[in-house]
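Visitor: Below are the chains, spelled out letter by letter.
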Amino acid sequence: GAGVSQSPSNKVTEKGKDVELRCDPISGHTALYWYRQRLGQGLEFLIYFQGNSAPDKSGLPSDRFSAERTGESVSTLTIQRTQQEDSAVYLCASSQPRNNEQFFGPGTRLTVL
Amino acid sequence: DAKTTQPTSMDCAEGRAANLPCNHSTISGNEYVYWYRQIHSQGPQYIIHGLKNNETNEMASLIITEDRKSSTLILPHATLRDTAVYYCIVSSGGSNYKLTFGKGTLLTVNP
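In the order they appear, the protein sequences are chains A and B. For the first sequence, the working numbering assigns the number 443 to the initial residue and increments by one for each residue that follows. For the second sequence, the working numbering assigns the number 7 to the initial residue and increments by one for each residue that follows.
Treat the hints with care, as some may be off.
Among chain B residues calculated to face chain A with C-beta under 8 Å, some are [what the hints assert, rightly or not]:
#1 C18
#2 G21
#3 Q48
#4 G49
#5 Y52
#6 T62
#7 Y93
#8 F107
#9 G108
#10 K109
#11 G110
It is worth saying that the hints were derived from the structure and are not from the lab. Here a beta-carbon is modelled for each residue, glycine too, at the ideal position from N, C-alpha and C.
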């Protein structure tokens, strides 16, 4: 079946603009995760969804970052008033309940000019 | 979650076994060892995980020492396509959703 998909694959925006990044998880995966990867660095956890609730938002770096999820389906990560330090690859992953084998999407490369 | 220590980089000849070490000396009893890899410009890919017994699947073998303070990921016959950054992650069963990725080991498989 289809894997995790993310859109857009690349996004270039100007400082101060808002951006929305989309993640379509694998069908049947109730858990969904967002990570950020800066150039040359490891992944930083941002937020975790179980169904459409987010029991752990501890990784969101500031209140400019928010995420929502519709049921056990699509999730959107929104960054308001983007800053240059937001430039990174944003990765989404999903997994089955009580299974920590996370399946990652290809990521969205965000560049803030 | 316990911290892990991995070498920054390793080289391996194509067709040979690649043995990637990981130290996790502060691992606690309910924490699992996970291995993921990330090929350039792609999302990470799950490889294998274990608690205390050695594990094997179609991709690799995981050897965990008896005291669980270290482990080794073994790719039995490395190919050029195995060139990637390999991440060793320790995560507890309770909060096992949160994977903390360090900088990993860049494995370069040479022809």
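Visitor: Next item in the hint list is T62/B. Is there a CB on chain A closer than 8 Å to its CB?
Guide: Violated, about 16 Å.
Visitor: Are C18/B and chain A close enough, Cβ to Cβ, to be under 8 Å, as the hint says?
Guide: violated (22 Å)
Visitor: Tell me if G49/B is really an interface residue toward chain A, meaning its C-beta lies closer than 8 Å to one of theirs.
Guide: holds (3 Å)
Visitor: Restraint: Y93/B near chain A, CB-CB cut 8 Å. Satisfied or not?
Guide: holds (7 Å)
Visitor: Is the hint on G108/B kept, meaning its closest Cβ partner in chain A is under 8 Å away?
Guide: With Cβ-Cβ at 5 Å, under 8 Å, it holds.
Visitor: Does the closest beta carbon of chain A sit nearer than 8 Å to the beta carbon of F107/B?
Guide: holds (4 Å)
Visitor: Does Q48/B pass the interface hint, meaning its C-beta sits closer than 8 Å to a C-beta of chain A?
Guide: holds (6 Å)
Visitor: Taking the least C-beta to C-beta distance, is Y52/B closer than 8 Å to chain A?
Guide: Hint on Y52/B: holds, closest Cβ of chain A at ~5 Å, below 8 Å.
Visitor: Given G110/B as an interface hint, is the shortest Cβ-Cβ distance to chain A below 8 Å?
Guide: The hint holds - G110/B has a Cβ within 8 Å of chain A, the shortest such distance being about 7 Å.
Visitor: Would the hint on G21/B be counted as holding, given a Cβ-Cβ threshold of 8 Å to chain A?
Guide: violated (28 Å)
Visitor: Do the numbers back the hint for K109/B, that is, is its least Cβ distance to chain A under 8 Å?
Guide: holds (5 Å)
Figure legend: structure checked against the earlier numbered hints; hints not met, in rising order: 1, 2 and 6.
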